[in-house]
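Take each chain as given, in its own frame, and dock them per the hints.
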Amino acid sequence: MEYPIVKIDQLVKRYGEKIAVDHFSLEIREGEILGLLGPNGSGKTTTINCLLSLLKYDKGEVEVFGKHMTPSAYEIKKDIGVVMQNVAVIDEFSVYENIDFFCGLYITDKAKRKELTESAIAFAGLEDYVKYRPKKLSGGLLRRLNIACGIVHKPKLIIFDEPTVAVDPQSRNAILEGIRRLNKEGATIIYTSHYMEEVEGLCSRIVIMDRGKNVISGTATELKASLKNRETVTVELKEISEEQIWGLQKINHVYEVKQSGEKLIIRCDGGSHNLVHIMNYLIEEQIEFGRVNSELPTLNDVFLEITGKELRD
Amino acid sequence: MFLHVLKYKLKEMFRMKWALGWTILFPIALATAFYFGFGNLIKESSDTFKPVPVAYVTEDAQEQIDPFAIVLKQLSDKDAEEQLFRLKICKETEAKKLLKDEKIDGIFYGGNGKEPALVIEKNGMNQTFLSQFLREYQNKALMYETTGELSASEISLQTLRFKNDPISPLMNFFFALLAMASLFSSWLSVTAMNGISAAQSDRGKRYECAPVPKTISVLAAATAGIIVQIFSNILLVLYIEGVLQLSFHASFLSVVFVTSLGGIIGITSGMAFSVLAAKSETLKIVLPLAFTMTCSFLSGLMVDSMKQFVETKMPLLNKINPAAVMTDALYTLGTYGTGNRYYQDIIIMIVMIIVFVAVGIAGLSRRSYDNI
Chain B
1216 MEYPIVKIDQ LVKRYGEKIA VDHFSLEIRE GEILGLLGPN GSGKTTTINC
1266 LLSLLKYDKG EVEVFGKHMT PSAYEIKKDI GVVMQNVAVI DEFSVYENID
1316 FFCGLYITDK AKRKELTESA IAFAGLEDYV KYRPKKLSGG LLRRLNIACG
1366 IVHKPKLIIF DEPTVAVDPQ SRNAILEGIR RLNKEGATII YTSHYMEEVE
1416 GLCSRIVIMD RGKNVISGTA TELKASLKNR ETVTVELKEI SEEQIWGLQK
1466 INHVYEVKQS GEKLIIRCDG GSHNLVHIMN YLIEEQIEFG RVNSELPTLN
1516 DVFLEITGKE LRD
Chain Z
103 MFLHVLKYKL KEMFRMKWAL GWTILFPIAL ATAFYFGFGN LIKESSDTFK
153 PVPVAYVTED AQEQIDPFAI VLKQLSDKDA EEQLFRLKIC KETEAKKLLK
203 DEKIDGIFYG GNGKEPALVI EKNGMNQTFL SQFLREYQNK ALMYETTGEL
253 SASEISLQTL RFKNDPISPL MNFFFALLAM ASLFSSWLSV TAMNGISAAQ
303 SDRGKRYECA PVPKTISVLA AATAGIIVQI FSNILLVLYI EGVLQLSFHA
353 SFLSVVFVTS LGGIIGITSG MAFSVLAAKS ETLKIVLPLA FTMTCSFLSG
403 LMVDSMKQFV ETKMPLLNKI NPAAVMTDAL YTLGTYGTGN RYYQDIIIMI
453 VMIIVFVAVG IAGLSRRSYD NI
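Protein sequences appear in the order of chains B and Z. Numbering-wise, the working numbering comes out as the position in the first sequence, counting from 1, plus 1215. Numbering-wise, the working numbering comes out as the position in the second sequence, counting from 1, plus 102.
Just so you know, these hints were derived from the structure itself, not from any lab. C-beta: ideal position from N, C-alpha, C; glycine also. Just so you know, not all the hints are guaranteed correct.
[Stated by the list, open to error] Per label pair, the in silico range of CB-to-CB distance:
id, chain 1, residue 1, chain 2, residue 2, range
1, Z, Thr384, B, Lys1233, 20 to 30 Å
2, Z, Thr384, B, Val1380, 43 to 53 Å
3, B, Lys1233, Z, Phe354, 55 to 65 Å
4, B, Glu1232, Z, Met395, 37 to 47 Å
[What the hints assert, rightly or not] Derived PhoX-like pairs: lysine-lysine, alpha-carbon spacing no greater than 25 Å straight-line:
id, chain 1, residue 1, chain 2, residue 2
5, Z, Lys119, B, Lys1350
6, Z, Lys415, B, Lys1369
7, Z, Lys216, Z, Lys381
The shape of chain Z in the complex, shown without the other chains (with noise of 0.2 Å):
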């Protein structure tokens, strides 16, 4: 019953051409026009990845024994194939001043057993890289300290494993692209689930009179919609790659990963959205629209430093927005690889596929309604 049900799914969303079109065509013409907007400065800033101008301020001027000073310095070393930082060490004050001149974009704060932190004064690429940077390096010794494998002192560049090869912020707008693709397919899973549930339609009427187990048409439709999803997002990735030339600085496979679990979120919560507006047309239309496109508009869709701005003023909107988890994945996964911080938001997205799985069955195995 499964595979039958599966089976008229999948050739049922094959053939509505209004969510062909949405799933597969609207993100390939966004990425098309993302590539005339800044491809060149993508593949050019690979390329030429200039060092992001910072300083270090540390009170105790102890940067010889301070792990944090000693991997900024390796990775701001000019001799060094990978330098990331073009780096200052200096008090605070001339640290105030240059940042406020631009000519820095960002100062470190390290030193006397205190946690490393930074101040910025704008939102830029630049900005979120030194942001990003810093999250994972605390990730990655808080994982070093926590597990025993190495005392703080005793993290280098090398224990780090940070990629040397900078992926350029401005792919960041292709990252939400991928996410507000995959988010899209909530609107796909909403027109699924309307078919077989007898409160929204009277397709779902005919469909709840067989004897079929509900959960059963559930799993299948939601699986109908993953697998187009997939399928989708494969061609975006391919697209994006093989045509438009540029690279995720991460394997094919592991971006193909990330963007299925962001696909698995869209058709998720698209559960989740037909059991909240079960009674309305409009509800059904709006409501995953609404969700895709505010969750993209934050994650950096639009406005690169958005994100970043998301995250100095309110950091847990960015931990639930599954667009920005899923661009930050990419991120990480391009700029460090699959670190700490990568797992950490593969774990969230995977809570939050879960936590709409629940709504969504919950509200979805019903067989029998007070009104239809």
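Next up, chain B with everything else stripped away, as it sits in the complex (with noise of 0.2 Å):
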């Protein structure tokens, strides 16, 4: 497909003097996984219902399939699944009727849209609770069934707005397996959460927005080879001179030497064997040392460090 999945240019959304997405811009590739990252109040939500239609905005352009989303435009919006970050399903169906309302209003033969509910119940494992209302199922069924309501019209681009919150390892590994097998299957998929983890592990693109900003994007590895600190060992011991902590400050890669109580803290930005180098220049000195542990940058640190750590709304 020569045309991105999703085209994003210049997004801007206002309400009222606060500006919630600010010149956001993004392309989406077909097949990739996009990770969107950001703080409470980033602006996450806000560009997927502009991407939606749902919502109006006050500048940009936003395209899917390569055609000019709008509100009306349901040639686009057949080939888009969406999955809510809070339970959106009907109190009065059973989990079939559910999935087969919301396959109706996408698939009008019969026969295909028999197929493709069953085929969904069968995905998402729901096959021994079909006749259930939601009320009777558990946090992690109920995620499930979401789940399969804004994907059992088999859409090209499915967008998962923090599907695995409070549910359970298993019913979250079960979902994070689920989407990967949709990638798979062919579909493009754009996946918000606060689990950083999750998102590493999944995502083939990474976008962090924070104050309606695209701030960084690329792969996990890209991410974290843009911080600073790429590598950071800590050290337990006794005593340790002011002259032996300028000694280590001097080894190649270490940029900053802290010492916590019993602890010493050594940062370096790059390089490789840092920790081979420390622990035989502390040996040289003859410094009496406890456990050594070494610890390379997560999503986590790049995330904190993009966004800050003080607390948001």
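Right under this line is the structure:
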């Protein structure tokens, strides 16, 4: 496909004086799983609502499947699936009826609808619960029903807005496996979450949003490489002199050494075998030390460095 | 697509226990309570209708040629099978004294080419009956004069075709109950619209992501509500007539027709309310409930003379209160049949439906919002 599946260009959305999305641009290619990260209120959900044409926006352009997205662009909408952050099903319908109802909004052919509904039930592992009403389902099963309703029509583009909130590890694992399967079957995925390890393990590309802007994007490795701190070595020791600390700072790639109680925290800005160089120095200087730990940066570190550590609303 | 949404909306509504309770069971329970309160009085009054004492005052004492006086006299004939009035033709001073002493329930004025008029001292069932009789006479007289079919002097009891089996004024409680039951559907409608609008619920958000034209969604949801409401009204009418054995003095289908129009007003007003209360969950409950109960109260659900009181103080309010118009249509239907006034009520109800639909469609057919 020559055109991007999604193209958002210089999107601006204001709520009165407050700017929610600030000249945000993004392109998503076919087959990608794009992770959209950002603190609360960073503009993720607003961007998705603009992308779906549920929200009016002040400026910019949104294209899906190479066509301009509008509220009545039914040809585009029939190939989009949405899994909402909150469970959005109908309490009065059984599991089967819920999935069949939402499927029927996209598919008019009855036989095809039946086939797709049964396939979505199998996909979500809800075969034993088809006659249950949502109120009788556990939190994990409800999430799976929510997903089944969003993907039943086999869309080409699926938006998952925090689908694993408040589910147990088993259900979370099943949901993530399901998303990988959908992607393998050809769906392009937009995935928002606050769980960094999920995004890191699932997404082929990550965009971090903050204050309505696209702050950084790339693969998890690329994002981590953008950090100054590439490795943190922690050493437990009883005592160390000022000269010895100064000596540690002279080791190649070490840019910061901090003493915190009986712990020495050494930060490196790249390079390789940093741990070996540090331990060799400690042995040479006959410094007694206990446990030594080396940590590589995580996506969480990237996220906190970019978005800051202060609490958000 | 319309049928798919309609089918599932019907399923949803028939499974909403609270909605069925308020739509079907509550009116039936209230009808039962009314029945035990004064059901026997209604049954007796239809068997032993007592003619209403009324005076007629004419300045020129020309009642012999005054068509209104002729009709009054015909309806006061003791030998006639259906006597509606006990008529006293007298001078104004005497009539006023009789009224003050509560010997009569009202004074009709007329003659000398003047529009007939009514004076009453207090509100009550007989006074309501007199007032509605006068209005019906004026409507019919105007119609005959306008069409040129008959001149004023030629209008007689036969041409006016008043029904001779007057309905008990206590039946107004049941008319108001039917109106309340019909308007309750505004609540049902608000709930139905909730599920198809992104501005109102997560379900609505998911729904609006689907390639379904909004007009189809709104119409399907409204149609489902109307079907549920008509079903509920039919049950209520059958219950009142079949189980409680109280007659509406009109055919079953014509009563269902009027109540169905009331149900459509309820559903379409709910569409309008869901637009007005889009952002407030509390308003979504309060608005339809307040609307239904206020309209029903003013139409006489709790106090039988309320409608007459409104008629004397603020007659326009009775014309824009759907419950009052509906009770009026049912009363007119039971008392006079399908006359001018009945059609006037039907037209008013249709206009109300058009207004509510316009507001509802204009607000609900939006597919993109400033804020959700």
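Tested hints:
no. : hint                              : result
1   : Thr384/Z to Lys1233/B: 20 to 30 Å : 25 Å, holds
2   : Thr384/Z to Val1380/B: 43 to 53 Å : 27 Å, violated
3   : Lys1233/B to Phe354/Z: 55 to 65 Å : 59 Å, holds
4   : Glu1232/B to Met395/Z: 37 to 47 Å : 41 Å, holds
5   : Lys119/Z to Lys1350/B             : 14 Å, holds
6   : Lys415/Z to Lys1369/B             : 64 Å, violated
7   : Lys216/Z to Lys381/Z              : 55 Å, violated
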